[in-house]
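> Listed below are the residues making up each chain.
Number of protein chains: 2
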Amino acid sequence: MRMPESEDALATLSGHYFQLFEDYLGNLLGTRDDGVPSRLWESMAYSLQAGGKRLRPILCLAAAERGGVGPQKALPLAAAIEFIHTASLIHDDMPCMDDDDLRRGKPTNHRAFGEALALIAGDALLLWAFSHALTHLPRAGVSFEKTSKAVAILAEASGPSGMCGGQVLDTDGESRRAGGDFAFSVASAKTGALIRASVVTGALLGDISDTDLRCYYDYGTHLGLAFQIVDDILDVTRTRDELGKTPHKDEAQGKNTFVSAYGLDEAQKLAAEASEEACRAIEELFPEGDLLIDLAKSLADRKS
Amino acid sequence: MRMPESEDALATLSGHYFQLFEDYLGNLLGTRDDGVPSRLWESMAYSLQAGGKRLRPILCLAAAERGGVGPQKALPLAAAIEFIHTASLIHDDMPCMDDDDLRRGKPTNHRAFGEALALIAGDALLLWAFSHALTHLPRAGVSFEKTSKAVAILAEASGPSGMCGGQVLDTDGESRRAGGDFAFSVASAKTGALIRASVVTGALLGDISDTDLRCYYDYGTHLGLAFQIVDDILDVTRTRDELGKTPHKDEAQGKNTFVSAYGLDEAQKLAAEASEEACRAIEELFPEGDLLIDLAKSLADRKS
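As given, the protein sequences belong to chains S and W, one line each in that order. So in the numbering used here, spot 291 of the first sequence is number 291, and the numbers just go up one at a time. So in the numbering used here, spot 80 of the second sequence is number 80, and the numbers just go up one at a time.
For the record, the hints were derived by calculation from the structure and aren't laboratory data. This structure is a prediction, so every number in the text was calculated from the model and none was measured. Be a bit skeptical, because a hint or two may be false.
Same chains, same label: a pair holds when it works inside one copy or across any pair of copies.
Said to hold, decoys possible - Dumping the calculated DSS-like pairs for lysine-lysine here, alpha-carbon to alpha-carbon at most 30 angstroms:
no.	residue 1	residue 2
1	K149	K106
2	K249	K303
3	K73	K297
4	K73	K146
5	K249	K149
6	K146	K106
7	K149	K73
8	K149	K303
9	K303	K146
10	K297	K249
11	K249	K73
Work out the full structure: start from the sequences and follow the hints.
See the structure below:
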């Protein structure tokens, strides 16, 4: 299967981190622990290897290296982040949520494995994220203090006041046009919190000042926003083949998005602005340019 | 609402820990973080406060105190364990799993809040478990090393090779009579792993030798087994009112249980044996008797 355009761009930009992560994940998934039922393992691996962009792991590894930590050391954290992200996609696609048949050009997890297994595979990925990071970060030489703190931030970003909270707002908002402020709230929680946590927790593994950490934090905030606005735009502008998932779902479900709240042109402006804000935040640390800046630019222009 | 009989017994035996935990949880649930959508919070609180036995938190607090740690210090861990347990019940009850309308005498979460919210409330509880324990154990004075290690054990016990794996075996097993060995495998993962982890992680917070830790480990293993065998027995012997949930579900779903594999009489013998094994394991540490021994005896005799 050909990679969608924006995945090519991301992989080219961040090929080193992308490959590091793919190798690590491939290695992890290569050996099943005897205690894990084989069908559960297949279901988890199916969604983990469905060809995601690996944006969050790449951000985490890149931020770690810029914070002075070899990306190898941050791999267990990057994996945990991708496990949580993948779990959220599996559950989001289920009939009681978005009811989608297609994800990344393949049948969604519950279409391939049934609803019960999809439900448990999502739970299992969430829990594996924590056992993996808490066991393997210390083994990779990260202190217990940094391990606890980084993983706590990750859990908080994904939990009731972060990603999960955003999913509820998104679902609640389906029946009404709550406008622009609401779209910002949903995006900030549903997508933004985990993208920001990827950057912040990566940077935090290193020895980094609070001032510098603030730059990563702001970068992550704006990047997450840009990412969600573009997601809303692509839902109305792209076809199923280009997108690898069902397009025009937001409108069909009456969701409150940046496009429904602001219209397409204005949403495109907002995406460009958010991307520029992200670049500005991180340019303070890298006035000569950096991969993180290129990433923010490429994500605003992504096509899938 | 009157408490079911075995909850009375457990509360009487372990009133101090029960009350400590209820106060802590009540306090936590008393203030909603602004970032958490109110409907999500209600749904999470509804299941957390549905009148559970609090067996796992009690085991954790009791083991911590016996390991030399004030139970106050272990409360964030006990809460995390109960969050995970509650999440598993919410998801287990959903239509794609056991499809149950009643839990602890009240409508199940998805009957009260809808499937989408029940799904996310379960996820949110899993994630809150980790942000809470990783943030609040260190604040209570537990070292980062003990925090990371205890929470890693908890995550592993709940994940793909523990509780989640057991749920899959349980579901897969519904269509066949796989016999006794299979019933032991399911029980050990689905119920046993988290009950054992409650005891082990509590004890681990203190300064405890590997030999002593082994006693807690064995105690937890046998206790978890006894608990599941009695659960299987109660499913066939009790009424809806006595049980607070729908009885005779196992047989209707063709589940492989200790009763279906061994018959009622033999299952009762197995439960008594498992309970005695649990007592024996911990009697090494408390030859004069202990709450943990009384708990194991009362659980084998429980009526709901």
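> Up to 30 angstroms between alpha-carbons, please classify K303 paired with K146: within, between, both or neither.
neither (36 angstroms within a copy, 46 angstroms between copies)
> For the identical chains here, do K149 and K303 meet the 30 angstroms Cα criterion within one copy, between copies, both, or neither?
Intra 35 angstroms, inter 43 angstroms, cutoff 30 angstroms: neither.
> With identical chains treated as interchangeable, where does the CA-CA distance between K149 and K73 reach 30 angstroms or less: within a copy, between copies, both, or neither?
both (15 angstroms within a copy, 18 angstroms between copies)
> I want to check one pair: K297 and K249. Are their C-alpha atoms no more than 30 angstroms apart within a copy, between two copies, both, or neither?
Close inside one copy (26 angstroms), not across copies (55 angstroms); limit 30 angstroms.
> Between the shortest in-copy and the shortest cross-copy C-alpha distance, which are at most 30 angstroms for K73 and K146: within, between, both, or neither?
both (12 angstroms within a copy, 21 angstroms between copies)
> If the cutoff is 30 angstroms on CA atoms, where do K249 and K303 land: within, between, both or neither? Let me know, please.
within (17 angstroms within a copy, 49 angstroms between copies)
> How would you classify K149 and K106 at a CA-CA limit of 30 angstroms: within, between, both, or neither?
neither (36 angstroms within a copy, 38 angstroms between copies)
> One pair to classify: K73 and K297, alpha carbons no more than 30 angstroms apart. Within, between, both, or neither?
The answer is within: 27 angstroms in one copy meets 30 angstroms, while 47 angstroms across copies does not.
> When no copy is specified for K249 and K149, does a C-alpha distance of 30 angstroms or less occur within a copy, between copies, both, or neither?
For K249 and K149, neither the intra-copy (37 angstroms) nor the inter-copy (43 angstroms) Cα distance is at most 30 angstroms.
> When no copy is specified for K249 and K73, does a C-alpha distance of 30 angstroms or less occur within a copy, between copies, both, or neither?
neither (39 angstroms within a copy, 48 angstroms between copies)
> Between copies, within a copy, both or neither: which fits K146 and K106 at Cα up to 30 angstroms?
This pair counts as neither: shortest intra-copy Cα distance 37 angstroms, inter-copy 42 angstroms.
In the structure shown, a violation is registered for the earlier hints numbered 1, 5, 6, 8, 9, 11, in ascending order.
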